[in-house]
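Visitor: One letter stands for each residue in the lines below.
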Amino acid sequence: MSEWWTYRLSSFLLFSERTYDRLIELYNADLWPAHVGTLALGVALLTLPRAAGAARVRVSLALLAAVWLIVAWQFHYRRYATINWTAEYYAIVFAFEAIVLAVAAMRVRRAADMPVSDVRMWTARVLLLAAVVAYPLLPLVAGRDWRHAEVFGLAPEPTAIGTLGALLLLRARLAVAALPLAWCVWSGLFLWPMRPMQAAIPLAAAVAAVTVYAVGRAR
Amino acid sequence: MLRVLAVAGASAAFGARAASAQGASVLSRRIARTGESLPLVGLGSWITFNVGDDLVARNRCADVMRAFFDAGGRTIDSSPMYGSSQDVIGYALAKLGHPKTLFAADKVWIAGGSRGPGQIETSRRRWNVERFDLLQVHNLLSWEAHLATLFAMKAEGRVRYVGITTSEGRRHDDVERIVRTQPIDFIQLTYNPVDREAEPRLLPLAGDRGIGVIVNRPFREGELTQRLARRALPGYAAELGCTSWAQLVLKFIVSYPAVTCTIPATTRADHVRENVGAAREPLPDERMRQRIAATIAGV
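So the sequence lines, in the order shown, correspond to chains A and B. Residues 1 to 219, numbered by my numbering, are exactly what the first sequence covers, in order. Residues 1 to 299, numbered by my numbering, are exactly what the second sequence covers, in order.
Each hint should be verified, as a subset may be incorrect.
[To be verified] Below, a sample of chain B positions facing chain A; criterion: calculated Cβ distance under 7 Å:
#1 Asn50
#2 Val51
#3 Asp53
#4 Asp54
#5 Leu55
#6 Gly83
#7 Ser84
#8 Arg170
#9 Gly207
[Said to hold, decoys possible] Counterexamples of contact, computed for chain A against chain B with all Cβ distances above 10 Å:
#10 Leu13
#11 Leu14
#12 Phe15
#13 Leu26
#14 Ala52
#15 Ala55
#16 Ala66
#17 Gln74
#18 Ile83
#19 Ala111
#20 Ala149
#21 Phe190
#22 Val207
Bear in mind the hints are in silico, worked out from the structure with no lab data behind them. Since we're looking at a predicted model, the values are computed, not measured. Backbone N, C-alpha and C fix where the C-beta goes; we use that ideal spot for every residue, glycine too.
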């Protein structure tokens with residue numbers, strides 16, 4: 001792409017806000033009542049103890065793998081790709097993260113020796129609250145239709161944000177969180193021209209998670 | 001006193017006047033190399049027609065296209081880059097019974113010449129047309145290889161015209177080089193009262209060589225008309241038969257003699273009728289064009 005510096009982020013938006021909202025609306029209608037299950041998972045992750053046992057960690061990671069696979073197939077490949085040709089590649093990325101989470105689940109052998117720090121716990125809970133509670137309410141706050149709600153476990157941004165929170169609580173390595181982090185940054189940048197306030201959430205989530213990981217490594 | 005193009009002078013510049021369902025004639029301009037006439041206002045499909053599988057939205061696009069053809073429009077422009085726009089156009093054309101007046105303009109947009117023919121065939125099937133009237137190398141991507149493909153297709157009768165595109169003032173040097181060295185029929189570029197980079201060089205060059213010019217981004221994807229909407233229309237707009245800023249902008253564009261047509265995109269049937277309605281007399285003369293540009297630059 002020559003003269004790449006002359007392009008704005010908005011140059012890469014292939015669709016209108018209305019088209020994207022309709023995609024979400026139709027997606028929600030097609031997948032209802034799966035939202036009940038994914039939100040229940042989100043609440044379960046939100047209530048993870050600071051020192052979860054091995055079984056609970058394993059199950060949590062496995063269920064996260066399942067929702068990343070759902071988003072890869074149902075959202076990116078089957079629906080988002082109809083208006084955004086790059087979504088076929090996003091599907092591959094999300095499927096890969098599902099594999100990463102599944103492998104992480106299989107490798108859990110024992111419970112953590114110590115509970116997570118206060119900083120880690122509170123950051124994790126804030127991220128999960130943002131993903132499970134706040135993100136779906138954004139359309140209402142912005143005066144849009146509630147049917148455009150993007151729900152944890154079904155839509156990519158709240159899934160990535162919630163996963164970052166869960167991985168902090170589950171003491172997962174940074175490598176497991178790398179793709180959710182990258183997605184929060186990538187999606188935040190491309191959402192910015194359309195909805196800057198909404199874009200700030202995944203971007204802030206990425207900054208918060210990276211900070212906690214960095215502080216943890218420094219100690 | 002307002003001076004507009006004399007009717008006689010206008011007749012010399014334009015080709016046939018297409019009758020629209022509304023009864024008023026739509027002005028066309030001749031493609032110099034063949035004498036074929038195209039209405040001055042066509043229809044773009046960037047973003048507006050990329051609605052995926054949403055049947056409600058697809059039917060809305062079909063309504064836009066119906067209104068476009070009824071108003072006397074012909075040229076519809078798309079690209080593989082535009083997501084599902086080609087599929088939606090194909091859906092709408094089937095619903096409308098494949099209007100015979102369609103001038104189908106599409107693009108090849110893929111790195112590597114060997115992949116061009118496959119992409120073009122996929123595009124043709126999406127439109128569900130027998131052949132494209134015009135195929136363009138989108139944003140000059142792999143233009144050398146793709147132009148060779150398109151010229152071969154033209155020689156075989158599988159496309160009628162060959163062109164290249166750019167937008168937002170990019171790569172005008174390359175466009176000029178291609179215009180001077182390649183037997184292309186059309187160039188597509190950005191031109192409007194605030195984006196006039198093409199005016200000093202490319203537009204006159206295309207006119208001198210009999211190359212058709214399609215103008216994209218007439219409204220800067222809505223940003224220009226949204227900005228202008230805050231101000232009242234100037235008094236002289238009514239003398240030009242304009243009832244909106246959009247029509248004033250379109251008249252500025254299509255009154256440049258080298259411009260064959262412009263391709264505003266819209267999701268609304270009333271807007272497409274308004275847009276095609278700009279392709280009617282009177283058109284502004286050069287002095288009025290400068291006045292329009294100055295007015296808009298000052299908003």
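Visitor: Now tell me if each hint is right for this structure.
Guide: Now the hints, each set against the structure:
{"no.": "1", "hint": "Asn50", "in the structure": "holds, 5 Å"}
{"no.": "2", "hint": "Val51", "in the structure": "holds, 5 Å"}
{"no.": "3", "hint": "Asp53", "in the structure": "holds, 5 Å"}
{"no.": "4", "hint": "Asp54", "in the structure": "holds, 5 Å"}
{"no.": "5", "hint": "Leu55", "in the structure": "violated, 9 Å"}
{"no.": "6", "hint": "Gly83", "in the structure": "holds, 5 Å"}
{"no.": "7", "hint": "Ser84", "in the structure": "holds, 5 Å"}
{"no.": "8", "hint": "Arg170", "in the structure": "holds, 5 Å"}
{"no.": "9", "hint": "Gly207", "in the structure": "violated, 25 Å"}
{"no.": "10", "hint": "Leu13", "in the structure": "violated, 8 Å"}
{"no.": "11", "hint": "Leu14", "in the structure": "violated, 5 Å"}
{"no.": "12", "hint": "Phe15", "in the structure": "violated, 5 Å"}
{"no.": "13", "hint": "Leu26", "in the structure": "violated, 6 Å"}
{"no.": "14", "hint": "Ala52", "in the structure": "holds, 40 Å"}
{"no.": "15", "hint": "Ala55", "in the structure": "holds, 42 Å"}
{"no.": "16", "hint": "Ala66", "in the structure": "holds, 25 Å"}
{"no.": "17", "hint": "Gln74", "in the structure": "holds, 14 Å"}
{"no.": "18", "hint": "Ile83", "in the structure": "violated, 4 Å"}
{"no.": "19", "hint": "Ala111", "in the structure": "holds, 46 Å"}
{"no.": "20", "hint": "Ala149", "in the structure": "holds, 18 Å"}
{"no.": "21", "hint": "Phe190", "in the structure": "holds, 14 Å"}
{"no.": "22", "hint": "Val207", "in the structure": "holds, 31 Å"}
The structure does not agree with the numbered hints 5, 9, 10, 11, 12, 13 and 18 stated previously, though it agrees with the rest.
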